[in-house]
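Chains as they are written, first to last, in numbering that gives the first Met the number 0: chain A, 0 to 64; chain B, 0 to 133.
Heads up, some of the hints might be wrong.
As the list claims (entries may be wrong) - Straight-line C-alpha distance at most 20 Å; calculated SDA-like pairs for lysine to any residue:
hint, chain 1, residue 1, chain 2, residue 2
1, A, Lys46, A, Asp12
2, A, Lys1, B, Glu69
3, A, Lys36, B, Lys5
4, B, Lys5, A, Ser14
5, B, Lys5, A, Leu41
6, A, Lys36, B, Pro126
7, A, Lys46, A, Glu61
8, A, Lys36, B, Val128
9, B, Lys70, A, Arg21
10, B, Lys70, A, Asp12
11, A, Lys46, B, Tyr129
12, A, Lys36, B, Asn76
13, A, Lys1, B, Pro106
14, A, Lys46, B, Arg131
15, A, Lys1, B, Arg131
16, B, Lys5, A, Gly35
17, B, Lys5, A, Lys1
18, A, Lys36, A, Gly52
19, B, Lys70, A, Leu41
20, A, Lys1, A, Glu60
21, A, Lys1, B, Pro126
Unchecked claim - Computed, partial: chain A to chain B, Cβ under 7 Å:
hint, residue
22, Asn2
23, Arg3
24, Val24
25, Ala31
26, Phe37
For the record, the hints were derived by calculation from the structure and aren't laboratory data. Every residue gets a Cβ at the ideal spot worked out from N, C-alpha and C, and that includes glycine.
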Amino acid sequence: MKNRLKVLRAERDWSQADLAERLEVSRQSVNAIETGKFDPSLPLAFKLARLFGMRIEEIFEESGQ
Amino acid sequence: MFCSMKNPVQRRYVIRCWIGALLVVLLTLVAALSFRVAHLRGPLMYPMATLPALPIIWVLIETGRYLAEEKDEFQRNVLVQCLLGGIGGTLALTTVWGNLEHFAQVPHLDLILIYAIFWFFAALTYPVVYRRYR
Numbered sequence: 000m001k002n003r004l005k006v007l008r009a010e011r012d013w014s015q016a017d018l019a020e021r022l023e024v025s026r027q028s029v030n031a032i033e034t035g036k037f038d039p040s041l042p043l044a045f046k047l048a049r050l051f052g053m054r055i056e057e058i059f060e061e062s063g064q
Numbered sequence: 000m001f002c003s004m005k006n007p008v009q010r011r012y013v014i015r016c017w018i019g020a021l022l023v024v025l026l027t028l029v030a031a032l033s034f035r036v037a038h039l040r041g042p043l044m045y046p047m048a049t050l051p052a053l054p055i056i057w058v059l060i061e062t063g064r065y066l067a068e069e070k071d072e073f074q075r076n077v078l079v080q081c082l083l084g085g086i087g088g089t090l091a092l093t094t095v096w097g098n099l100e101h102f103a104q105v106p107h108l109d110l111i112l113i114y115a116i117f118w119f120f121a122a123l124t125y126p127v128v129y130r131r132y133r
């Protein structure tokens with residue numbers, strides 16, 4: 000699944016470790032989600048959306064869309 | 000096994016695994032001494048022979064507990080894939096070996112080795128899984 004995490008993170012000047020700390024997950028998790036290799040669960044996607052003050056579909060985009 | 004030990008659930012799990020491994024070695028030694036040196040006989044033979052398996056069962060329960068307690072779904076996913084690698088590898092190897100024993104009379108594979116074989120394959124799977132997400 001494609002996502003805008005890297006851009007959103009860069010806009011806030013956060014490192015992957017910073018974002019991981021805010022989400023209470025490992026940096027590896029953030030990296031795997033950011034590169035589209037791991038799709039987060041719905042609760043984690045909501046947590047991300049809340050953190051960035053956006054809707055889930057503004058962060059994630061279904062592949063092929 | 001894990002790259003970050005900041006997570007208290009992971010730390011607790013790894014510590015318990017190490018304790019389990021030490022207990023296996025210790026209790027295997029106790030069982031071996033009981034049978035080979037003290038020549039243990041009678042009904043006590045059975046609990047003594049079972050003793051080294053108890054920490055192994057404990058570590059398996061702890062693995063399940065870790066999966067239930069771990070909040071980081073990615074780390075949980077990595078471990079589940081490693082465990083599947085361990086199960087798959089063990090089943091494949093023991094099936095092939097069983098056929099070899101049955102048809103080609105190769106030496107018997109002692110069942111006591113199954114647990115070590117399982118973790119060997121699980122550990123072998125870890126870098127493969129981790130590389131996929133790097």
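Outcome of the hint check:
1. For the hint linking Lys46(A) to Asp12(A), the alpha-carbon distance of about 19 Å falls within 20 Å, and the restraint holds.
2. With a CA separation close to 26 Å, the supplied pair Lys1(A) and Glu69(B) exceeds the 20 Å bound.
3. Note on Lys36(A) and Lys5(B): the hinted pairing is violated, with a Cα-Cα distance of about 23 Å set against a maximum of 20 Å.
4. About 17 Å separates the Cα atoms of Lys5(B) and Ser14(A), which keeps this hinted pair within 20 Å; it holds.
5. Taking the CA atoms of Lys5(B) and Leu41(A), the gap is near 25 Å; set against the 20 Å cutoff, the hint is violated.
6. Distance check on the hinted pair: Lys36(A) and Pro126(B) sit about 16 Å apart at the alpha-carbon level, within 20 Å; holds.
7. Proposed proximity of Lys46(A) and Glu61(A) is supported: the alpha carbons are some 18 Å apart, at most 20 Å.
8. Note on Lys36(A) and Val128(B): the hinted pairing holds, with a Cα-Cα distance of about 11 Å set against a maximum of 20 Å.
9. Distance hint between Lys70(B) and Arg21(A) is fulfilled; the C-alpha atoms sit about 14 Å from each other, no more than 20 Å.
10. Among the hinted pairs, Lys70(B) with Asp12(A) is inconsistent with the structure: their alpha-carbon atoms are about 26 Å apart, more than 20 Å.
11. Distance hint between Lys46(A) and Tyr129(B) is unfulfilled; the C-alpha atoms sit about 24 Å from each other, more than 20 Å.
12. With a CA separation close to 12 Å, the supplied pair Lys36(A) and Asn76(B) stays within the 20 Å bound.
13. Proposed proximity of Lys1(A) and Pro106(B) is contradicted: the alpha carbons are some 52 Å apart, above 20 Å.
14. Straight-line distance between C-alpha atoms of Lys46(A) and Arg131(B) comes to about 25 Å, which puts the hinted pair past the 20 Å bound.
15. Between Lys1(A) and Arg131(B), the direct Cα distance comes to roughly 17 Å. Compliance with the 20 Å bound is thereby established for this hinted pair.
16. As the CA atoms of Lys5(B) and Gly35(A) are separated by approximately 24 Å, the hinted pair breaks the 20 Å bound.
17. A distance of roughly 29 Å separates the Cα atoms of Lys5(B) and Lys1(A); the hinted pair therefore is violated under the 20 Å criterion.
18. Between Lys36(A) and Gly52(A) the alpha-carbon distance is near 24 Å, which puts this suggested pair outside the 20 Å criterion.
19. About 14 Å separates the Cα atoms of Lys70(B) and Leu41(A), which keeps this hinted pair within 20 Å; it holds.
20. Taking the CA atoms of Lys1(A) and Glu60(A), the gap is about 5 Å. The hint holds against a cut of 20 Å.
21. Between Lys1(A) and Pro126(B), the direct Cα distance comes to roughly 25 Å. Violation of the 20 Å bound is thereby established for this hinted pair.
22. Restraint check, Asn2(A) versus chain B: the minimum CB separation of about 14 Å is more than 7 Å; hint violated.
23. Restraint check, Arg3(A) versus chain B: the minimum CB separation of about 19 Å is more than 7 Å; hint violated.
24. The restraint placing Val24(A) at the interface with chain B holds, with a minimum CB-CB distance near 5 Å, inside the 7 Å limit.
25. Of the supplied interface hints, the one on Ala31(A) holds, with its beta-carbon coming within about 4 Å of a beta-carbon of chain B, less than 7 Å.
26. Taken as an interface hint, Phe37(A) checks out: its beta carbon lies about 6 Å from the nearest beta carbon of chain B, inside 7 Å.
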